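S.K.: I would like the entire structure built from these sequences, with the hints used as guidance.
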Amino acid sequence: MDTFNFELVSPDRKLMSESAFQVTIPGEDGTFGVRAGHMSLVASIRPGVIEVVPEKGAPTQKIFISGGFADVTATNCTVLAEEAIKVADLDMPAIESEIKSLSEDMASGRDPIETARIQRRLDLAKAKLAAATDKRAA
Amino acid sequence: MPSLKEYRNSIASVKSTRKITSAMKMVAASKLKRAQEQAQASQPYALAMSQMLTRVAAGVTITPASPKLLIGTGSDQTHLLVVVTSDRGLCGGFNGNLIRFVRAEIRRLESEGKTVKLLTVGRKARDMLRRDQKSKIIESFVTLGGGKRLTFADSNEVTQFVLDQFSTGAFDVCALVYNEFKSVLAQKPTAQQLIPFKLPEAKNVNDNKKESLLASPYAFEPEEEAILKSLLPRNIGVQMFRALLDSAAGEQAARMTAMDNATRNAGDMIKKVTLKYNRARQAHITKELIEIISGAEAV
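Residue numbers (our numbering), protein chains in the order written: chain A, 11 to 148; chain B, -17 to 281.
FYI, nobody ran anything at the bench for these hints, they're computed from the structure. Keep in mind that a hint or two might mislead.
[Unchecked claim] Footprint (simulated), chain B over chain A, 3 or more residues, beta carbon under 8 Å: (1) 12 to 25; (2) 45 to 51; (3) 82 to 92; (4) 133 to 143.
Keep in mind that this is a model prediction, so the values were computed, not measured. No residue lacks a Cβ here, since even glycine has one placed at the ideal position from N, Cα and C.
M.R.: Put into structure tokens, the structure is as follows:
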């Protein structure tokens, strides 16, 4: 058995549920790959790109997720993501303008709670931008 | 006795009311279907989240340094009630029942000497509680999702607010009060504690499976405490989202039932008035006949 069941779930719905040969996940403590028979693991994920290889030698599918958690067992890999977008669908200009407006909000922000919230969204947008830039380079 | 014209008018007006209520019933039925589908679609995430929490929490030893969301602030003086209702009315006792439940809850907590704060979601909660509990309301959210499909991001606005307030120490205990969707005919006002976190009673997982879930050796990356720390706020987000979806589905179900009743009542009323109208019409004809006959006799 060289494939396992990969699931990508967002709060709104189940986004993916299919067999995969290898999945690369950007964990909080570093990126790791999952293949069938992986040890049981619960990991938290930083904003970044998940790469799914459906079967050996097949082209990878890249999906941007805004952070979340991965629950890995020998036969299953479930990724919980609050937001997930295919890297191909990322919209560069929209992200850039979002970063710009968020940076402006940052500059005018006053109370620490508000600033922290904007900072979070800014970090997320920057991660998105990085993923989108990566796509262009590839 | 009203004239024939008055009867006719009242029949026409009830008929048009019936048209409106039956249309509203249809609309509510189709919205209910959509809301139920959405609630269903959010199930896998909630399930996976609660499984993960059970696993992580099993491996964590509780120390005073554990996240506050898990162990609480060490006091239970100030309670925050998050009240979830609908934005619109005409849905029977849906909002009224919930608000009555909230008032009872406030009375109970206050009789125990606690301080109560309120956060309202939905226009009805705000409008109804503003009358007698105005000083307790710290924030109101209305028309989440702009009256359209409710997304996770919308529900996160509320969650973020609650978490921010908690981090500033505005309250010790937080409970979510909403109408749980039991069935199309029954929505039950429910209070669910969000903070501090209570391990979910795994209902649909039988004990055997639960044990194997807890016993299997898991690696954590980063370690349990760190995961738990980021998992807990998200879990609150999930609970919040689920409650909002439940409430949205319940609202449509309640409206459907209420409008069904109204349509039926309108039908009964039309029957009654039509009966009276026919009687009055016959009395009128008889009267005219008598007048003609007695007129003819007199000649």
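S.K.: All hints, please: hold or fail.
M.R.: Now the hints, each set against the structure:
1. 12 to 25: Three-residue rule met by the stretch 12 to 25 of chain A, so holds; n is 7.
2. 45 to 51: holds (count 3)
3. 82 to 92: As far as the stretch 82 to 92 of chain A goes, the hint holds, because 4 residues have Cβ atoms under 8 Å from chain B.
4. 133 to 143: violated (count 0)
The structure does not agree with numbered hint 4 stated previously, though it agrees with all others.
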